[in-house]
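Chains as they are written, first to last, in this note's numbering: chain A, 129 to 447; chain B, 129 to 447.
No wet-lab data here; the hints were simulated from the structure.
Certain hints may be false.
Which copy is meant is left open, because identical chains are indistinguishable; a pair holds if it fits in one copy or across any two.
As the list claims (entries may be wrong) - Computed list of lysine-lysine pairs in BS3-like fashion (alpha-carbon distance at most 30 Å, straight line): (1) 168 x 131; (2) 209 x 150; (3) 338 x 268; (4) 375 x 209; (5) 209 x 264; (6) 168 x 209; (7) 254 x 375; (8) 209 x 381; (9) 150 x 168; (10) 209 x 254.
2 protein chains.
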Amino acid sequence: MKKFLAISGGVGGAKLGLGLTKILSEDQLSFLVNTGDDFKHAGVNISPDIDTLMYTLSGLSNQELGWGRADESWAFLDSFKTLGGESWFQLGDRDLAVHLRRTELLDSGQSLSEVTAELFSRLGVKYRCWPMSESKVSTKVYTDDSLLSFQHYFVRDHCAHEVKSIVFDGSEQAQPPQDLIEYFNDPDLAGVIICPSNPYLSIDPILSVKSIRRALACCVAPVIAISPIINGESVKGPTSKIMAELKLELSAKTVAMHYDGLINGFVLDTLDQQLVGEIEDTGCAVLVTNTMMNTLDDKTVLAQTVLEFCNNLGDLKCG
Amino acid sequence: MKKFLAISGGVGGAKLGLGLTKILSEDQLSFLVNTGDDFKHAGVNISPDIDTLMYTLSGLSNQELGWGRADESWAFLDSFKTLGGESWFQLGDRDLAVHLRRTELLDSGQSLSEVTAELFSRLGVKYRCWPMSESKVSTKVYTDDSLLSFQHYFVRDHCAHEVKSIVFDGSEQAQPPQDLIEYFNDPDLAGVIICPSNPYLSIDPILSVKSIRRALACCVAPVIAISPIINGESVKGPTSKIMAELKLELSAKTVAMHYDGLINGFVLDTLDQQLVGEIEDTGCAVLVTNTMMNTLDDKTVLAQTVLEFCNNLGDLKCG
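Extracted from the complex, chain A is given alone in its bound form (with noise of 0.2 Å):
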């Protein structure tokens, strides 16, 4: 049976990994996700990533908000800002149980993969959601002045700060799922899609870990990625905003160059149908279709024609 393995950061990720999900049985896909942004807030461990691929293959995802969950309520942190505590972070009610449960399970000693897999579990999800490390990554961005923590940056500060550089802390001693090393090997892999996340945020950060970096590079499979750059613009989030603080051209091709040595395959928005040449150029193949996904058509439609192109990919590998 053909393996997959979907490369995640937030909601672009979740978006296509909900796509791959409705053609993809839990034995033919799983998940590698970003836990670069996690931190601990208001004593609770938080794993943006995981829980919003989580809410997203659960079902229970906040359509409106675009960012937690559903049904969501906010009594807790009402009452928790009178009592002096930060509400910058916005904390759902029903959001919270997830932190909750997760911080005390990693206290009893599980190991993150072991909690998430229980918390995807308990939501119905039955893909596995490797994190990228038991340990702690973090990602973190310097400013002209400052060194800010991801959820500073990005939420407390909604992005406005001029990036210059971004560092991923504890990457040197990260700790894989050593179950996660092995499945790069597995003789049934068909592919590793990096969907459309951030790739300087959400995808750089997974990319930090040497032997996830290093299986990637040496996998059999063919990898191919998406841009989440359509027509020069991110399809959501500060991707074009700091592509252009660190100066660089504001192009899916950049994003293409950006994976360079780690993809046999990209994938290209319709209206960016002129790069085509070029990224094949660099011993690149390219597949040109709608990326735009609003609908779960449109998710599903883009996971059936990506999974086409890496079996292609891996007819040319194997042929």
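Chain A is already provided as a structure; the job is to place chain B on it using the hints.
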């Protein structure tokens, strides 16, 4: 200015406490509260008796439930249960904010006294409330075949077990707040009021702290206690059940005798009029009045009566 100290456990103590605050200002009244029921649950520090007093004095207590906060919601607990979290201790969304904030402040290095002052102040309560100990003292109950933590006995198992004895783990090493001990020697101290709380589960933990017991025994100001037993029955909670299990006579007199050597005065309910002589024979002054506190007026009238009793006893002492 005359000052008073009210020693309180849970609901019964808080009721009289509320009455006292209708008469005395924050310069005239402070509280000493049981923390033997404190425990860590779902990763957060819970101080049930401190919270009962805080919610009562701030007008936030839940009148219908008889515990917890008014306008409470349960989204957190509902979700926590789904995630495999324990639900026997009912953490409301707003209540949880108190526990999480307490935990956060304690983890930052503040003492329980400091944290309590901060929480009271945030909820608009200006009265000082001392925990009996900055360090952990845990009330535990020996049953026929097990040793149960207080909350397991009281909340989880609904006091179903037969109590053989009660211990206060950590009381030897207890650290009562220094300014509390000094307060007992304040020349303005005009009375110490042991509220009508469970003597065995709520007041004994406080008295198990040696320096508090000594301060009380040596206190120049009158010390009075209000019986939580009326007509051979406890007004609320398991007091009479526990007294029966400990083979104690179900009578207000038993409570008066329990405080022998510590109190100068005892307040009996009018239904227990016939006990006056027996208790007075032990050298303790007795006041008979209505001690049932259903309405705010009941509470205030009892508080006024108790304060006058204190004042009269003080005049006797000094005379």
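With 30 Å as the alpha-carbon cut-off, assign the pair residue 338 and residue 268 to within, between, both or neither. For residue 338 and residue 268, only the intra-copy Cα distance (18 Å) is at most 30 Å; the inter-copy one is 50 Å.
Pop the pair residue 150 and residue 168 into one bin, within, between, both or neither, using alpha-carbon distances up to 30 Å. Classified as neither: same-chain Cα gap 33 Å, cross-chain 42 Å, threshold 30 Å.
Regarding residue 168 and residue 209, is the shortest C-alpha distance of 30 Å or less found within a copy, between copies, in both, or in neither? both (17 Å within a copy, 22 Å between copies)
Using 30 Å as the alpha carbon limit, work out where residue 209 and residue 254 are close: within a copy, between copies, both or neither. between (36 Å within a copy, 19 Å between copies)
Status of residue 131 relative to residue 168 across identical chains (alpha carbons, at most 30 Å): Neither: 34 Å inside a copy, 43 Å across copies.
State whether the alpha carbon distance between residue 209 and residue 150 is at most 30 Å within one copy, between copies, both, or neither. Intra 40 Å, inter 28 Å, cutoff 30 Å: inter-copy only.
Intra/inter-copy verdict for residue 209 and residue 264 if alpha-carbon distance must be at most 30 Å: Answer is both: 28 Å inside a copy and 27 Å across each meet the 30 Å cutoff.
Is the C-alpha distance from residue 375 to residue 209 at most 30 Å within one copy, between copies, in both cases, or in neither? neither (39 Å within a copy, 48 Å between copies)
Go through the copies and call it for residue 254 and residue 375: within, between, both or neither, with a Cα cutoff of 30 Å. neither (41 Å within a copy, 56 Å between copies)
Residue 209 and residue 381: within-copy, between-copy, both or neither at 30 Å Cα: Neither: 45 Å inside a copy, 47 Å across copies.
The structure is inconsistent with the numbered hints 1, 4, 7, 8, 9, although it conforms to all the rest.
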